[in-house]
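Please put together the full structure from these sequences, using the hints given.
Protein chains in written order, with the working numbering: chain A, 1 to 225; chain B, 1 to 494.
No lab work stands behind these hints, which were simulated from the structure alone.
Check each hint, because a few of them may be wrong.
[Stated by the list, open to error] Derived Cβ-Cβ restraints for the label pairs, each shown as a range:
id	chain 1	residue 1	chain 2	residue 2	range
1	B	450	A	135	35 to 43 angstroms
2	A	28	B	318	43 to 51 angstroms
3	A	108	B	448	32 to 40 angstroms
4	B	307	A	105	48 to 56 angstroms
5	B	157	A	39	48 to 56 angstroms
6	A	83	B	425	55 to 63 angstroms
7	A	28	B	302	53 to 61 angstroms
8	A	105	B	494	44 to 52 angstroms
9	A	101	B	153	31 to 39 angstroms
10	B	153	A	220	57 to 65 angstroms
11	A	138	B	58	51 to 59 angstroms
Don't be surprised by glycine CBs; every beta carbon is placed ideally from N, CA and C.
The residues making up each chain are set out below.
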Amino acid sequence: MSKSNADASDGVHSNALSPQDGDQDETVSRRTFMANATLTIGGVVGLVLAVPIVGSLIPPKNAAAGSWAPLSAQELDELQKATSKPVKLTFTLKYSDAYLPEQSAEQYCWGIKVDPEKFRAARPDIFNQPGGKADVDYSVVNMGFVIFSPICPHLGCYYNWSEAQNRFMCPCHGSQYTFDGTHVAGPAPRGLDPLPFREQSGSAEVTWIVYQSNTPNRIVVSYQA
Amino acid sequence: MLNWIDKRTGFVSMTKDFLTEDVPGGASYWYVFGSATLFAMIVQIVTGIFLTFFYAPSAATAWESTRAIYLNPYTHFLLSVHYWGASAMIALVFLHLLQVLIFGAYKSPRELQWVVGVLLLLVTLVLGLTGYLLPWDMDAYFASQVSLNITGLAPIAGPFIQHIAQGGGGMGTETINRFFGLHVWLMPAALLALVGAHLTIFRHNGPAGPVVEDPRTLKPGRFWPDQMFMDGAFSFIVFVIIVFLAFAAPPYLDAKADPTKFFVPYPAWYFLSLFGLLGLVPPEIHVGPLTISLELIATIIVPTLFLLVVLLLPWLDRSRSRSFAARAGLLWATTIVIIGIVGLTIFGQVTTMIKQAAAPPSPPESVVLSQAEAATVPAGSSGSTAANPAGAKVFSTNCASCHGAQGTGVPGTFPPLAGNPVVTGDANKVIGIVLDGLHGSISVSGQTYNGMMPAWKGTLSNKDVADVVTYIRGSLGSNKASAVTEAQVAGFKP
Numbered sequence: 001m002s003k004s005n006a007d008a009s010d011g012v013h014s015n016a017l018s019p020q021d022g023d024q025d026e027t028v029s030r031r032t033f034m035a036n037a038t039l040t041i042g043g044v045v046g047l048v049l050a051v052p053i054v055g056s057l058i059p060p061k062n063a064a065a066g067s068w069a070p071l072s073a074q075e076l077d078e079l080q081k082a083t084s085k086p087v088k089l090t091f092t093l094k095y096s097d098a099y100l101p102e103q104s105a106e107q108y109c110w111g112i113k114v115d116p117e118k119f120r121a122a123r124p125d126i127f128n129q130p131g132g133k134a135d136v137d138y139s140v141v142n143m144g145f146v147i148f149s150p151i152c153p154h155l156g157c158y159y160n161w162s163e164a165q166n167r168f169m170c171p172c173h174g175s176q177y178t179f180d181g182t183h184v185a186g187p188a189p190r191g192l193d194p195l196p197f198r199e200q201s202g203s204a205e206v207t208w209i210v211y212q213s214n215t216p217n218r219i220v221v222s223y224q225a
Numbered sequence: 001m002l003n004w005i006d007k008r009t010g011f012v013s014m015t016k017d018f019l020t021e022d023v024p025g026g027a028s029y030w031y032v033f034g035s036a037t038l039f040a041m042i043v044q045i046v047t048g049i050f051l052t053f054f055y056a057p058s059a060a061t062a063w064e065s066t067r068a069i070y071l072n073p074y075t076h077f078l079l080s081v082h083y084w085g086a087s088a089m090i091a092l093v094f095l096h097l098l099q100v101l102i103f104g105a106y107k108s109p110r111e112l113q114w115v116v117g118v119l120l121l122l123v124t125l126v127l128g129l130t131g132y133l134l135p136w137d138m139d140a141y142f143a144s145q146v147s148l149n150i151t152g153l154a155p156i157a158g159p160f161i162q163h164i165a166q167g168g169g170g171m172g173t174e175t176i177n178r179f180f181g182l183h184v185w186l187m188p189a190a191l192l193a194l195v196g197a198h199l200t201i202f203r204h205n206g207p208a209g210p211v212v213e214d215p216r217t218l219k220p221g222r223f224w225p226d227q228m229f230m231d232g233a234f235s236f237i238v239f240v241i242i243v244f245l246a247f248a249a250p251p252y253l254d255a256k257a258d259p260t261k262f263f264v265p266y267p268a269w270y271f272l273s274l275f276g277l278l279g280l281v282p283p284e285i286h287v288g289p290l291t292i293s294l295e296l297i298a299t300i301i302v303p304t305l306f307l308l309v310v311l312l313l314p315w316l317d318r319s320r321s322r323s324f325a326a327r328a329g330l331l332w333a334t335t336i337v338i339i340g341i342v343g344l345t346i347f348g349q350v351t352t353m354i355k356q357a358a359a360p361p362s363p364p365e366s367v368v369l370s371q372a373e374a375a376t377v378p379a380g381s382s383g384s385t386a387a388n389p390a391g392a393k394v395f396s397t398n399c400a401s402c403h404g405a406q407g408t409g410v411p412g413t414f415p416p417l418a419g420n421p422v423v424t425g426d427a428n429k430v431i432g433i434v435l436d437g438l439h440g441s442i443s444v445s446g447q448t449y450n451g452m453m454p455a456w457k458g459t460l461s462n463k464d465v466a467d468v469v470t471y472i473r474g475s476l477g478s479n480k481a482s483a484v485t486e487a488q489v490a491g492f493k494p
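As structure tokens, this is what we get:
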């Protein structure tokens with residue numbers, strides 16, 4: 001029964017990849033068709049699987065904005081009294097991570113007390129838009145404070161305040177920033193990144209933003225940890 | 001260019017060698033099943049690899065990550081193809097086995113190729129069994145519970161194997177992790193090794209060809225492109241069917257596994273015949289002083305003996321001739337076995353459907369997919385159940401999956417019941433919502449919710465409704481509204 005499909009003219013089969021080896025024309029064109037059809041089938045199957053695979057790998061867009069987290073009143077008090085020294089402000093960051101239940105982590109940021117005009121003059125890397133506007137869509141100075149993200153804009157390490165040097169120093173690659181976040185040494189492409197910050201019922205709240213590292217401009221990457 | 005590569009690697013000539021193969025008697029659509037099984041395996045490997053990009057094996061994430069896979073259309077498609085691809089692969093393995101059986105192609109010198117093929121069937125079934133658990137929904141949990149407990153029935157090593165497979169005394173995170181390791185690593189590795197052996201032995205002996213008196217008279221046909229084209233055409237039909245089913249009948253995700261709830265699992269179709277066999281026999285019979293466990297016979301002994309017969313077939317069927325006439329007895333036996341398996345499968349399917357019809361229905365998938373973290377609220381933390389245990393039970397069984405175990409709801413979808421003024425307000429209105437359901441956007445305490453509440457009339461008795469309304473009005477959170485009687489529910493007017 002399986003003989004029904006046997007090719008009567010088929011006696012030679014030396015070169016498997018090229019069907020046109022001395023067979024009659026009709027057989028040759030039939031073989032070429034079968035070879036091409038088989039390869040086409042493979043291509044179609046590959047494409048039908050490749051489209052959803054590539055599509056699935058593209059991550060969904062990030063959530064529109066982060067939530068506000070309250071800062072400790074005691075640390076804010078400290079900041080109020082601070083003169084030329086930054087204050088570490090701790091808060092609980094709530095964030096979502098894919099399908100996991102809501103996550104929370106202890107996080108901190110750096111607060112400095114500033115004169116708005118002096119700060120504006122010191123940080124042209126922030127106020128670089130037409131009309132002296134900031135390159136972030138929130139007001140940078142609130143309640144006489146600026147809050148910095150604790151992440152070094154170079155490659156994402158957490159920097160420290162060095163009392164001795166009177167500078168913010170990043171331990172990873174040596175970027176240095178003055179009290180007001182101006183980049184003064186090391187490989188970082190911009191000064192420290194401000195975070196949104198607002199007064200709320202006598203205390204204050206901060207929102208977490210992660211900016212693209214190592215770019216001269218501030219590009220929002222996510223509102224997550 | 002090809003020449004340059006070939007001189008340095010030999011890849012091109014190797015491919016040519018691989019594709020150059022005599023097909024005795026010419027190419028035939030009878031020979032497509034092995035290649036199509038290989039094709040289905042490749043589809044399973046490709047979709048499976050990319051599903052591991054999205055799946056996380058642990059009791060806290062298995063169901064949640066599967067749910068996320070369902071919610072993304074691309075991953076949902078990959079999962080659906082993987083689901084139907086598994087069925088296709090198992091069906092094709094059986095067809096391939098049957099074709100080889102009918103053609104007598106397992107006879108000398110191809111005995112070991114047959115043995116490797118039967119092992120491949122076993123590995124494929126283990127892949128189906130281990131994959132079934134991974135979504136960690138109610139069905140995955142209880143179907144795997146049944147198969148693990150059947151394993152434990154086996155004499156001597158049974159309990160030990162069950163203990164090892166589960167990773168402990170019961171099913172949990174360890175079980176998911178072990179099944180995941182088996183499903184994505186050990187079994188696929190075994191599968192590839194065995195396929196390699198199967199193909200190498202195949203090339204060593206060549207195809208068996210059609211059933212004829214003297215095979216030397218057969219004219220050789222070509223593997224490429226003649227047989228390859230037929231293999232490709234059939235594989236493509238298989239692929240089209242898989243893709244069609246993936247769109248038309250994607251798999252269903254049930255609620256997250258909850259060992260404390262009642263559920264009737266349904267086995268995968270390829271295990272239905274075993275399930276039917278189990279359903280057919282009483283658990284045990286008494287012969288004089290002896291108690292014989294028919295359960296053990298049906299679930300372990302009969303399948304094991306059957307497998308041994310299949311495995312040793314090349315040595316049981318010793319006739320030299322492959323002709324149908326000389327093997328009439330075997331072919332009749334095969335026919336009877338197939339009729340038996342099909343009959344048991346139908347019986348297993350019917351009994352499953354009868355049991356499921358009697359069991360509480362699974363929630364609609366839209367509800368399962370939108371229920372967010374409700375399932376992660378620890379059980380037993382719901383409001384004061386002591387005052388109204390009946391209402392608490394109705395609530396935890398039917399309502400908690402959407403409104404949360406403590407009635408806190410899901411933002412944007414399902415309103416909270418605790419602290420909700422509608423719930424503690426007019427009792428008649430609450431009864432109406434429970435009986436007739438609720439559609440469209442509603443506003444509670446300034447928040448908008450846009451979920452769908454099913455009508456419970458017909459599912460819950462008047463007493464159930466009275467109990468649960470009393471419970472949500474009086475026991476959830478700080479709710480302290482009046483109780484509702486069965487008569488109030490019976491006399492409900494919109």
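The hints, checked one at a time:
no., hint, result
1, B:450 with A:135: 35 to 43 angstroms, "37 angstroms, holds"
2, A:28 with B:318: 43 to 51 angstroms, "46 angstroms, holds"
3, A:108 with B:448: 32 to 40 angstroms, "35 angstroms, holds"
4, B:307 with A:105: 48 to 56 angstroms, "53 angstroms, holds"
5, B:157 with A:39: 48 to 56 angstroms, "49 angstroms, holds"
6, A:83 with B:425: 55 to 63 angstroms, "57 angstroms, holds"
7, A:28 with B:302: 53 to 61 angstroms, "55 angstroms, holds"
8, A:105 with B:494: 44 to 52 angstroms, "49 angstroms, holds"
9, A:101 with B:153: 31 to 39 angstroms, "38 angstroms, holds"
10, B:153 with A:220: 57 to 65 angstroms, "59 angstroms, holds"
11, A:138 with B:58: 51 to 59 angstroms, "39 angstroms, violated"
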